[in-house]
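Protein chains in written order, with my numbering: chain G, 1 to 245; chain B, 1 to 185.
Take the hints with a grain of salt, since some may be wrong.
Only part of the chain B face toward chain G is listed, based on derived beta-carbon distances under 7 Å [said to hold, decoys possible]:
1. Leu95
2. Ile97
3. Leu169
If you're looking for bench data, these hints aren't it; they were derived computationally from the structure.
Glycine residues also receive a C-beta, built at the ideal position from the N, C-alpha and C atoms.
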Amino acid sequence: MTAPPIRGTDDVPFVVRLEAFSGPLDLLLHLIREQEIDVTDIPIARVADQFLSAIHELGLDQAADYLDMAAQLLRIKIQLLLPRPFDDEDWEDPRAELVRRLLEYEQIRELAVWIADQASEHGDRFARGWIPDLPDQPDRPVTLDLGDLLLAVERVIEAMPEPVLHRVVPRPLDVEGATRRIRAMFAERAEWTLGELVGREPSIADLLSSLLAVLELARMGFIRARQLQPFGSVVIRREPADAAA
Amino acid sequence: MNQLTQLLEAALFAAAHPLPIGELAKLSPEATREDLRESLDELQTHYTDGGHAVELVHVADGYQIVTRSHFADAVADAQIVRRPRKLSQAALETLAIVAYRQPVSRAEIEEIRGVSVEGVLRSLQDRGIIEAAGRGEGLGRPLLYGTTPQFFELLGVRSRDELPRLEDLSVALRPPSEQGEMAGS
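Let's have the full structure, built from the sequences with the hints guiding it.
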């Protein structure tokens, strides 16, 4: 293939030129129609060179879609150059698919013109309270597949705060047992300090059980508790039997 | 104008979008479809013959009161209303494909146009002219696009039946079998 002449692109603003054609098919059709080429008998070699030259000239050589079309044109050009046996009935014109696409595209372009005309004509008739762009359009229906849904669930689970776990255990307080024990102690001696009644290094449950038992016994008048100074030891004395009665 | 016609006029005046006949029927439960059509005709005639600057049109399967296009320039130039934004060539081509091939996937549109259409599809969706209408078969279950009633509203047509038929276009697609002959000749 001959390298297409590369012309200066510095003076051509890239974006503006890109808008001049809406795609490679548009550019190709432009080349074909401009030269009044029969679309069903395209001189591919010539058009391919012109196409390449145009995309250089237009500064479009960065656009992948145009390069894709350029590659297709070159492939067709090469296919046409390959020797083929005479009277090969299976041979298909490599241009046929391109021709079909060009015609299909040209049809779409004609429809696009009709749509534009129609929209412009109807756009001249203003409806009452016509709002250019609705600020609050209702959300489009959500389309989800299972993957989206699972991802969403995962995000929600991740966003949840770490749960605070409480261990619920059966109440280990044994006030009755402590009462029996303390009564037994007072059968032995009439005066004890609270510390002695509770015992050495009690568990919290035992301490509370003993304390509740002491308070209960005091309420019943079985014992009397006394604290002679703040934070001093609590002295507990058994009440005389007649007072308790 | 009879009372039903006046009722219809009030509703059509207040509505921001074309009202389908089913919606108009709610105005008067005892009125038949026939009554409604007669009243709509009466209203249309009233606007046409009475020297009014508005007219009654039937678009997107609904009825709407619109200003006559004769006054468009004056009203728009005074910036009292804005004309709808014009669609770009890329948007028009994409819209044409969606309108005629729906439901259609992005890949099919790109195949016909020969360019990536992701951005165009999004802006058409944002303008409410097309919508995702389902998912197709095949790899990745691609989204399929279709037009919305707003598409017909944009063009001022009632339904697909008022779009040009493909056979009537100047570029008629020949079946592929004939193309080989043409190319060989």
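The hints, checked one at a time:
1. Leu95: holds, 6 Å
2. Ile97: holds, 6 Å
3. Leu169: holds, 5 Å
Consistency with the previously given hints is maintained throughout, with no hint failing.
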